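S.K.: The lines below spell out each chain.
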Amino acid sequence: MDLSAAKKIVVIGGGQAGAQAVQSLRQFGYEGEITLVGDEAALPYQRPPLSKAYMKGELAEDRLYFKPAAWYEDNKVETLLSQRVEKIDRANRKVLLQHGGHLDYDAVIIATGSRPRPLPIEGADLENVFELRGLSDVEHIQPKMIPGHRLVIVGAGYIGLEAAAVARQLGLEVTVLEMEQRALARVTSPVISSFYEALHMEHGVDVRCGARLGSLKGKDGKLTHAVLASGEEIEADMVLAGIGIIPNVELAQAAGLPCKNGIIVDEDARTSDPRIFAAGDCTVRPLAHYARTGRLESVHNAIEQGKLAAAAIMGKPRPALDCPWFWSDQYDIKLQIAGLSQGHDEVVVRGDIEAKKFAAFYKKNGRLIAVDAINSPPEFIASKRLIMSGASVASETLKDTSISMKEIAAAAA
Amino acid sequence: MPTITYIDHDGTERPIEAKNGETVMETAIKNSVPGIDADCGGACACATCHVYVDEAFMDKVGQPEDMEQSMLDFAENVQANSRLSCQIQISDDLDGLRVTTPESQH
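Keeping their order, the protein sequence lines are chains D and G. Everything in the first sequence is counted per my numbering, starting at 1 for the first residue and increasing by one. Everything in the second sequence is counted per my numbering, starting at 1001 for the first residue and increasing by one.
Since the hints were derived computationally from the structure, they do not count as laboratory data.
Covered stretches of chain G (chain D as the covering partner; in silico rule of three or more C-beta atoms under 8 Å from a C-beta of chain D):
id: 1; segment: 1024-1031
id: 2; segment: 1035-1041
id: 3; segment: 1044-1055
id: 4; segment: 1071-1080
Predicted, not measured: the structure shown is a model, and the values here were computed from it. Yeah, the Cβ is synthetic: ideal placement off N, Cα and C, and Gly gets one too.
Using the sequences and the hints given, assemble the complete structure.
M.R.: Following this line, the structure appears as structure tokens:
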């Protein structure tokens, strides 16, 4: 469907994907109305620093925002903040707002993101039990980040481990509970898991894998202990849950758009309704280099799908697709990830694990499909190209640090 | 406030009043300077904020650290005056700085 004559576009969700869609629409020359509806009080901002530099107090709040307020005025983007959408009425092409009123649309971009999975245990509603997703969460957490306070983090995923690193650096006593037998079990290989477990232990974090949280105990409504399924009690001043996210698909689902652990979209971020697009954490999308679909929780994905939706609406050529990429900062370690390692049949390590400078390459049928690069930007960037080109690289070559990544990339090109 | 001038690959100049403490990348993004993507928001994780620093300011801007240098090694069309603009922090010393943006960051 040609939507290039659209005059009214509604973007639902004020996170990275929604913000990107708005910017790209204007960049691609869209001159009609744009309304950005967001359920948070703040204008769109970067989430990654919330569990890193911003939480640590090293980054001022105004540096989180993608654009200053004046940009939205100058670009005639109406922002409806602290507002939720009640319903998308596809038959009448209206978005109904929860506070009353509606917005007519020619096209909609759903960028509703995701929400933290709640702790499914008794005591999750006690005071000083937190989750970490938005600015307001950090506002609640930060005053409790006091040296000597005992923090129990539930879930050794990226959010949990990044928060653990910040808390240790701020002088808290930190315990990380992970139900699986290793940290980052859902997203990486044992070699990287072991590296991060050791790194956190080296910094004084009590990392406990295979530890299932049974309940949270409190006194007068305030948290006092985390109680393991084994019965062991751990004294705690605060608990931070980082056990994954749930995509916010409810609006799309209620509108009859197909969803399966995410809103199903095509290569152009379009849903089954040609006037409705979806971008970011809330979508399930074709994964160009992997011949399957999947849901990506990442900055790269939010940016790419925001651009894809805007380009499709404006009838512009589809922007080039990037290889999925991610990063994590913990202590002085930068992890850069390119590609998706699920389904790999071989792991090749290059570099020096002891020196905290190495990369784990993931191969499938001889082809490179992903890399986890620890303090190793060349391995990260070269791999992005190798993954996108579908190159096969001999494992012996990858292991050999006397051959630079530049040479490896050039030889495979 | 220091003024930074951004020059497009086609020669268009955009002088912008910058805030001390912010980076050359942030100032560009907030003022919608074309040619800088900065996908990672300044974490030195993506190499999409590549700029060329005016020769006259090379000393004041200083040398890239290891992490930045190895990211730059893989950027397109790198020159001796290439920098990642997220790693250049603005101060009064940099008043008058001129940087040129590449045609594409990818």
